[in-house]
Amino acid sequence: MAATNELTIERRGHTRPAARRRANFVIFLCPAIVLTVLFFVIPVVIDIAVSFTDLSRSLRITKFTTEQYQRIFQGDRRLPEVIGLTFIYVFGTLAIFNVTFGLVLALTTTSINKIAGGFFRGVWLLPRMSPSVLYILLWLWAINPSEVGLLNQVLMRVLGLNKPLDLMTAAPIALIVISNGFIGASLGMIIFTAAIRGIPEHLFHAAAVDGAGTVAQIRFITLPALRWPISFVTIYQTLSLLVSFEYILLLTKGGPFYDTTVYALYVYRRAFESGQYGYGAALAFFLIAIGVAVALLGWRFFDMERLLQRPRIEVQ
Amino acid sequence: MARQAALTDFHPRPTAVDWDRMAARARSMRRAEAVALYAFLIAVSLPIILPYFWLVTIAFSAKAGVAETMVLWRSMLVLVPGVIAFWLAAMVARNRREAWLGMGAIALTAAIAFGLLVGPDLHLRNFIFLVEPDFASVVRSRVGAVRGAVQFPNVWHAFANSLLIAGAQTVSVVTVASLAAYYVSRWQFPGRAGMLRSLLVLHAFPVLTLVVPMFLMLYWIGLLDTLFGVILVLVAFELPFAIFIMKGFFDAVPWDIEMSALTDGASRRQSFLRVVLPQVRNGLLAIAVFTFIRGWEEYIFVFTFLIRNTNWTMSLYMYYVRDDVMGVDYGVVSAVGVFYLVPSLILYLAAQRYLMQMSIGGVKG
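Protein chains in written order, with numbering that gives the first Met the number 0: chain A, 0 to 315; chain B, 0 to 364.
Pulled out of the complex, with its shape left as it was, chain A reads as follows (with noise of 0.2 Å):
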């Protein structure tokens, strides 16, 4: 009796448990939400509905119309060609770089001596920890088109070419795709690395006992259980190319003309180049959707029941 007139003493002394609730809630999540709804929620807004006015440099709306659709689906000569290049830059580095390349570091890392295989991974993620800005100078000062540039010292005294290169003109798409990839390769490489390492070690002794090499140990103890990461680096990254234009602005301005520009740069370079904030919206509103899409197929690889557990304490 005495505890529970102690107990209801206690809770006087407490706010109304709803009152409370509210008050968590306000605490707790408002300032996320607040912030989330505003610069996510209200820019993909604003980006619809400018993408149906004619907003251009003078940053006013004079009328609302369809005509940047018509001009995405009809009068842009330049679009195929600029969405021919995204894929080619987007496949070319993820097939190359981003997959293969980040499973043979990942793949040769792991079968060395350890301090050694941190060594090799500590400067693949070298590029990934420069700042982008100091990342693209390196590569402009590597292929500067004089014989100072560090690519052409190498040619012409090593493999004696007389001419110096200027990779520039000569093979931009490669250079953004190879540029790129050197980024990209070190995340793969993480990724990879940590789920080699969850391999239980007993199955590869059983595998050499019953007369596996290395490459029938890479093939079916390996390679299947990478699975998972595999497709995980895939979507992600296939995402994050097919967005990001960083690297290539810093890197070639989307040049020589539009040789470099891939669609999220053509979007950037309309908007901000041409000063067409109309059409520029209109054009990111597909890579918006398209965003999305992938986002929501990611839903797919995540352990969905997990994440929603119920809480186990109901105490406000």
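Bear in mind the hints are in silico, worked out from the structure with no lab data behind them. Virtual Cβ for every residue (Gly too), placed ideally from N, Cα, C. Among these hints, one or two may not hold up.
So, partial list: chain B residues that the calculated Cβ filter (under 8 Å) puts toward chain A [said to hold, decoys possible]:
(1) Ala179
(2) Leu201
(3) Val210
(4) Ile299
Across the chosen pairs, the derived CB separations fall in these ranges [said to hold, decoys possible]:
(5) B:Arg124 <-> A:Pro163: 25 to 31 Å
(6) B:Gly118 <-> A:Gly117: 26 to 32 Å
(7) A:Phe219 <-> B:Leu87: 42 to 48 Å
(8) A:Ile87 <-> B:Arg95: 29 to 35 Å
(9) A:Ser273 <-> B:Ile48: 37 to 43 Å
(10) A:Thr64 <-> B:Pro277: 35 to 41 Å
(11) B:Pro277 <-> A:Pro163: 42 to 48 Å
(12) A:Ala205 <-> B:Asp19: 48 to 54 Å
(13) A:Ala173 <-> B:Val91: 40 to 46 Å
(14) A:Val40 <-> B:Asp255: 34 to 40 Å
(15) A:Ser230 <-> B:Ala106: 20 to 26 Å
(16) B:Val137 <-> A:Ala173: 34 to 40 Å
(17) A:Ala205 <-> B:Asp263: 50 to 56 Å
Dock chain B against the given chain A, drawing on the hints supplied.
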């Protein structure tokens, strides 16, 4: 054929398998494999190491302003054999004492060789931009060129701007994300499932696609070309990822700890602050460091949203130095590069452990 030859062989064959020979063969096979692996890794890693090394050597040695490579090749001449000798010493040495002796001798030799070959060329004059705000004119007058229209702010001003952006972003993201993550992790409320679903979508959503509408929005509400506007945008963009990571850390805290705090009379808010928060210190550190680095490196959004040169961050400073002074003086450009790169690298190295934890946690969801 071989089988027949074996059958017609009348010499008494060794009855036991020659284990020693097989072991030796396996050992040499393994050694060949290791050599091949190392050769491959060194070959693919050199293109990355060389430019970074070049940056450092130019920053500390370039004199006339041209991009010299002599110092680079000479220091490579010392460094590459040095590293190889180090590895060999570590492999050949039979015990720890021998290894230390060998490594010490190699380090000493390398240091002396480095001092003789490279030492005389080293100097700090390229770091002039740290003390001379108008370094661009000084550099230009040195070569007699007058080109260049960029008015540079004091480098410490840009440095402070970068610190401000990254710092404010970090504090806000850590606070807001840990509050929200705790709530979605531990509380039942209407719409919780929907909120978790949208969190998943947002965390994978590419924010770069929003750069055009974001620019217009900032322009209309008058926050374009202000540090405050950029900080708000960056905080919001970093949030879903940070909440996602923090939720993982909160999920891992045992319920019993919190339950016992509540039994001892703590309120839910008290138990969050005093009991649960200290348990997720690693998570807080991870998102803090990660957010700080992101703010420090940010380029696209600051490039698009900040215009006045008093608002420049280090990334813009670096960009314009490269654009304006590059043709004139490589030494100063690379000195700025080193100055900009080092904080990033230090942070990454210091927080490597936490970042690894996070990236794995992030992947597993």
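Where does the structure disagree with the numbered hints, that is, which hint numbers, in rising order? Checked against the structure, the hints that fail are numbers 7, 8, 10, 11, 12 and 15, while the rest are satisfied.
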